[in-house]
Amino acid sequence: MAPPQATNLTATTPLSPAELSYLRTSLLLSPPIRPDARSPTTFRPLTAELDILPSTHGSSRIVWPDGGECIVGIKAEVEKAVVDGQNKRVEVSVEVAGQRDDDPLAVFLTQSVLDTIAPRLGERLNIGERWNWKVYIDILLLTPPISHPSTLLSLGVNLALRCTKLPLLISAAEEDPLFSDDWDLAKPLYPSNTPSEVPAISLLVASVGENVFFDPTREEMSVADCVLVVSVDYDGKVIALRTLESGSVGEGGVNRKVVARIVSQCAEVGREVFEGLEAIAKAG
Amino acid sequence: MTSLKRSLADSKSDSGFASKVFLRSTKGKCVKVVRELYLREDIPCSSHLCIPCTATAPAGADVRPFVLSATPAGTAAYKNGHYLIPDTNIFLYCMDIIEHKSAFYDVVVLQTVLEELRNRSLPLYNRLRGLTSSEDKRFYVFHNEFRKETYVTRLPEETINDRNDRAVRKACAWYKSHLEEAVAGSKTRLPEIVMLTDDKDNLAKARAEGIACCNIKEYVKGLENADELLDMISAALENQEAKAAGGEMLYPEYYSMSKMNTGVKAGTMHQGIFNVSTYNFLEGSISVPSFNRPLIILGRENINRAVTGDLVVVELLPKDQWKQPSSKIVEEESLTKNDNPETDQPEQIETEQERKALVDEAKKLQGSNAEGKPQPTAKVVGVVKRNWRYYVGHVDPSSVSKSKSRGQQTVFLLPMDKRIPKIRIRTRQASELMGKRIVVAIDSWDRTSRYPVGHFVRSLGELETKEAETEALLLEYDVQYRPFPKAVLDCLPSEGHDWKVPDMSDPRWKGRVDYRDKLICSIDPPGCQDIDDALHAAPLPNGNYEVGVHIADVTHFVKPDTPMDDEAASRGTTVYLVDKRIDMLPMLLGTDLCSLKPYVERFAFSTIWEITPDADIVSVKFSKSAIASREAFSYEQAQIRIDDASAQDDLTKGMRTLLMLSKKLKQKRMDAGALNLASPEVRIEAESETSDPIDVKTKQMLETNSLVEEFMLLANISVAGKIYEAFPQTAMLRRHGAPPATNFEELQKQLKTRKGLSLRVDSSKALADSLDECVDAKDPFFNTLVRILATRCMLSAEYFCSGTQAYPEFRHYGLASEIYTHFTSPIRRYADVVAHRQLAAAIEYEQLHPSLHSKSKLEAVCKNINVRHRNAQFAGRASVEYYVGQALKGRLAQEDGFVMKIFSNGFVVFVPRFGIEGVIKVKELSEVGSAHEPKTEFDDEKYTLKVDTGKREVLLELFEKITVEITDSKDEATGKRKINMKLLM
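From first to last, the protein sequence lines are chains A and B.
Residue 195 in the numbering used here sits at position 199 of the first sequence, with consecutive numbering throughout.
Heads up: take any position in the second sequence, counting from 1, add 248, and you land on the numbering used here.
Bear in mind the hints are in silico, worked out from the structure with no lab data behind them.
Glycine included, C-beta positions come from ideal geometry on N, C-alpha and C.
Don't take every hint at face value.
Pairs of lysine-lysine, DSS-like flavour, derived with a Cα cap of 27 Å [said to hold, decoys possible]:
1. B:Lys684 with A:Lys84
2. B:Lys327 with B:Lys349
3. B:Lys869 with B:Lys911
4. B:Lys424 with A:Lys130
5. B:Lys513 with A:Lys76
6. B:Lys448 with A:Lys130
7. B:Lys1026 with B:Lys1003
8. B:Lys268 with A:Lys130
9. A:Lys84 with B:Lys901
10. B:Lys280 with A:Lys278
11. B:Lys275 with A:Lys84
12. B:Lys277 with A:Lys84
13. B:Lys277 with A:Lys76
14. B:Lys1230 with B:Lys1137
15. B:Lys1218 with B:Lys1194
16. B:Lys268 with A:Lys278
17. A:Lys76 with B:Lys507
18. A:Lys76 with B:Lys275
19. A:Lys183 with B:Lys275
Computed beta-carbon distance windows for the label pairs [to be verified]:
20. A:Arg40 with B:Pro306: 30 to 40 Å
21. A:Ser89 with B:Gly264: 30 to 40 Å
22. B:Val279 with A:Leu136: 17 to 27 Å
23. B:Leu252 with A:Arg96: 23 to 33 Å
24. B:Val279 with A:Glu170: 53 to 63 Å
Which residues of chain A face chain B? A few of them, derived with a C-beta cut under 7 Å, are [unchecked claim]:
25. Pro50
26. Asp97
27. Pro163
28. Ser167
29. Leu174
30. Phe175
Could you build the full structure based on these sequences and the hints that come with them?
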């Protein structure tokens, strides 16, 4: 497992010990009571738009109810194929408004998106034998996030990739690539008739005692025993798992059974999220 | 949450915005481009009829007055007058007609059409721009892409061409409705808006939409001099489908652009400029970077429609198909005499005759000649860029059908340049065009047609008249000979011929030195009016000499960034023909204000050296100055003056000093390895009245020639050093690359085999020394011949910008100098003007103009002047050849000649007296009548040709001196005058 990432989010929750203890107790109940009365697997409502940047090959914008806003832009360039270069075909950059480039949060987010998306995406980018596309994913977190932005980002990237189109190739396979100049003829990167081949997403999960909560708020994260970022694909397979710093209220440590339950629940919740994204993508 | 998304296709049509998205792919990269447009409603239609537009037109300094006339001309079809709106294809193929003075006025050029034209052909775009800025043609550029009412969005799945056609139709419809509104209520007659296009689809749609339209042929038929104009329509517009159905024998198809690019990058194909051999029109060669010898391309099919000068891509043939370069002389005229110009029947691409011509039938003795081994041969698989220009030639009379004299027929045009193939043109004026020199342009060369197709542009006049021939020559070598336009003449000083060197108090004296007291004189060819240079020498108290070279101060009058400077930069050099001189600068400057005439004061740029009596340079100083030349001598006059013992004045003493020093300088140069190469210079003596040539003499070299030459070289070398020191990245210099040893292989072998002489080429000194040793005791001219042949193995010298080469490459091989430039003739060479400006900045006389700091601008200038210099040389030589031909008219001369080149079916003779080369074919040696084909034995190892003339056997050897009888004759069939040489045995 990856070492826990220190973020400056969880460190500065302005709650007093009494409030923290109250919150933790209410989350330890069964059934648990979340401060905003959500069920453990309900996500907060989000708004999304696709194709907002005309000069990119694909783009999306996601707005979280607590004000967090994320814009993702995808551009693609042609490059000569390098031997064993399949992993290097995707480049991700994350810019968090107001923070430096080497801020640990930005670095963590970049790496997590790369791990989640890159391997499968690389295979779709061939043009003939000697050329391939290189995809640049640029993510802008417009407002400094209040809660951890990794789910937000991952959903944004997923949507942007789904509406990305690549120019239509009109030259023959062994020649240097030549493309049609009509943008309307461009083909989508993820064709809509194969819903199971979509990019993976990352879900933020917190556990308090035996209870597992999806889409935790900052306060919930600060009282949790364990906070994980789990990347799942459409089939429910877990691609990556990262630990975030958990709260300091409990005794520390988490039961192995709880972790197992987190992972298995991720598959179901993941599937629901995918269906939701599908609906957004279809609506345009 | 407010949406950030702006819908691209704006639903509200009057929002004033439009945007389009497309992909641009270049060289394998693909970029998505989004363009947003702000659409306006106030772009005027520019017709004098339209008052609303006058009211709403944007006010401002750069808004032009309205162009389109209120009463435009009418034609038979459009009696009320008409405005024309042509399509892109019309401009592409019919630019010559559109520029014609008799028709095509009041034309609306749409922005869509203009931009498409620019992408397809930049030269045609420039010509159209010229037309739009000329006031009398009344062409108006209407920006239909910016005007709201005429903006057209691309429909899904619509091609760009269809969209553009739709834009043209919409603009026509708008013009019609707009003008109708404008003249509504008044009695003025409304001109018809006519769309001109040749696209059948477009015409059909336009008619359906109610737009008046017509194709170019019908339109031109309705004009006054329809015949002449119809001829000028490009043949490329004609329907190609009919022709394609015919012939089975086709040229191979070209590869696609992407396939050629991939091939060249991978190294399986090669790209280069295609050149046709001067002796064999079926053989071409191409220099490519991967091979050190040029690749050969043999035969029409392999040449595959490439024309000399085109940038082509070739593919190597397999090794078993490699051939030797042809050792026969093959001329297109004789071989294809019987070809039919009409194209109704399918043609064979390669005839039996041609195939035979390529196979060498002469007996050859065995040998391991490197020339004898097959060399890499290739075939042309595609053309990257055509370099077609206007070609001058005359109509082949044998291709003109007498019966169809009034109707349209296809005839052949024989270009002046032997390397260009015959061109098919369709004309109605065939009978009028016979016997005239005409200018044509090539339009296209299909797979199905043996010859390229072109169209008539204009006629220059009768063959053999001086005007027509001179103009033909100048056109062939792309020399700009029109008179200077008004803008250039406006740059001349207002005092004109009364200009004088001003008083010392005048600000123009700033930085200048007064050398008017020095005893300066100039030495030039007789009758020279543009005197660039003057010299002086005077003894110094310390025993050394002060020597000065003064050059005309042209840059005082020609400032950068003026029309006169632009025109001079474009001309590049003065062109000297036998009887005419095409000046680079207006005569006022060249022959008066800049010229260092005697007895008047002039501005100059001076180089002063302190030189020891042994011709070593102690110091050099450059300065702008004013001088007063005391005398202007011709070479002969100067020589006489120096040799005259009674002349003891200071000026003559100075000249003697100069002569003494020049001899020492020359010796030093020879010791360093400078080459003394002879070029066959002839002088034509012409009758003064008519300038008809009387006699041809070879030029004599006097000591005074050498005097001037040495000091000019010295000045050039000194200036080169100075400007390089001041501007190491951007100095204008001249280099002469060392020729590769392979260039000399042929000549070395010939000399070794024939005369047992060896030619060493490892350095210029070695070459110079071994050239001195190449003498034949029996014949003094042999040495000159060898020098002439050696010159042809050299590379050309070229101008270059110092930042583009490393220092060792600055070397001038021929002059054996490390660094060199041209400085001494600014009146007739643009390179010298640039060098002057740079030197003036180097001595801090004035600031360097920003355009001379830019390496890329200077590189462009260098490229142009290199081309112009070469063309000027060719034009000058061609002029001499023509005059020699004229001088021989009706006369018979018997002269000595030397065999310069030997083939299996003929040989080339060089006649030193006239400085001309001629070909004698084996067939002509027959002494028993023209039916007898002499048997030949060609030994390409020993360079001999044995010919059985029917009466005896003649042995011809390379470098042998022979006697030839030279006559001129007019070929009855073609009307061309040729020089004939006959071997006297």
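So, going through the hints one by one against the coordinates:
Simply put, Lys684 of chain B and Lys84 of chain A have alpha-carbon atoms about 69 Å apart, too far for the 27 Å limit, and the pair is violated. For a cut-off of 27 Å, the pair hint linking Lys327 of chain B to Lys349 of chain B stands: about 20 Å separates their Cα positions. For the suggested pair Lys869 of chain B and Lys911 of chain B, the alpha carbons sit about 22 Å apart, so the restraint of at most 27 Å is met. The suggested pairing of Lys424 of chain B with Lys130 of chain A is violated, with an alpha-carbon distance near 51 Å, which exceeds 27 Å.
Restraint check for Lys513 of chain B and Lys76 of chain A: satisfied, since their Cα atoms lie roughly 13 Å apart, inside the 27 Å limit. A threshold of 27 Å between alpha carbons decides the hint, and for Lys448 of chain B with Lys130 of chain A the separation of about 44 Å lies outside it, so the pair is violated. Taken as a hint, the Lys1026 of chain B and Lys1003 of chain B pair is honoured in the structure, with Cα atoms around 12 Å apart against an allowance of 27 Å. For the given pair, Lys268 of chain B sits about 25 Å from Lys130 of chain A by alpha-carbon distance, which is consistent with the 27 Å threshold.
Pair hint Lys84 of chain A plus Lys901 of chain B does not hold up; C-alpha atoms about 82 Å apart against a cutoff of 27 Å. Taking the CA atoms of Lys280 of chain B and Lys278 of chain A, the gap is near 24 Å; set against the 27 Å cutoff, the hint holds. At most 27 Å may separate the alpha-carbon atoms for a hinted pair to count; Lys275 of chain B and Lys84 of chain A meet this at roughly 22 Å. Distance check on the hinted pair: Lys277 of chain B and Lys84 of chain A sit about 18 Å apart at the alpha-carbon level, within 27 Å; holds.
With a C-alpha separation of about 10 Å, the suggested pair Lys277 of chain B and Lys76 of chain A falls inside the 27 Å cut-off, and the hint holds. Pair hint Lys1230 of chain B plus Lys1137 of chain B holds up; C-alpha atoms about 16 Å apart against a cutoff of 27 Å. Between Lys1218 of chain B and Lys1194 of chain B the CA atoms are separated by roughly 30 Å; this puts the pair beyond 27 Å, and the hint is violated. At most 27 Å may separate the alpha-carbon atoms for a hinted pair to count; Lys268 of chain B and Lys278 of chain A meet this at roughly 24 Å.
A C-alpha spacing of about 17 Å is found between Lys76 of chain A and Lys507 of chain B, which places the hinted pair at or below 27 Å, so the restraint holds. Restraint check: the Cα-Cα separation between Lys76 of chain A and Lys275 of chain B comes to about 12 Å, which is no more than 27 Å; the hinted pair holds. With a C-alpha separation of about 21 Å, the suggested pairing of Lys183 of chain A with Lys275 of chain B holds against the 27 Å cut-off. A hinted range of 30 to 40 Å for the beta carbons of Arg40 of chain A and Pro306 of chain B is inconsistent with their spacing of about 54 Å.
As the Cβ distance of Ser89 of chain A to Gly264 of chain B is approximately 36 Å, the hint placing it in 30 to 40 Å holds. Between Val279 of chain B and Leu136 of chain A the beta carbons are some 21 Å apart, a value that agrees with the proposed interval 17 to 27 Å. At about 26 Å, the beta-carbon gap between Leu252 of chain B and Arg96 of chain A stays in the expected band of 23 to 33 Å. A hinted range of 53 to 63 Å is violated for the C-beta pair Val279 of chain B and Glu170 of chain A, which are about 23 Å apart.
Against a cut-off of 7 Å between C-beta atoms, the interface hint on Pro50 of chain A holds, since the closest Cβ of chain B lies about 5 Å away. Here the hint on Asp97 of chain A is broken, as its CB sits about 25 Å from the closest CB of chain B, past 7 Å. Interface hint at Pro163 of chain A: satisfied, since its Cβ lies 5 Å from the closest Cβ of chain B, which is below the 7 Å cut-off. For Ser167 of chain A, the interface hint holds, the least distance from its beta-carbon to any beta-carbon of chain B being 5 Å, beneath 7 Å.
Given the 7 Å rule on beta carbons, the hint for Leu174 of chain A holds: about 5 Å separates it from the nearest Cβ of chain B. The interface hint given for Phe175 of chain A holds, since its Cβ lies 5 Å from the closest Cβ of chain B, which is under the 7 Å cut-off.
Hint violations for this structure: numbers 1, 4, 6, 9, 15, 20, 24 and 26, all remaining hints satisfied.
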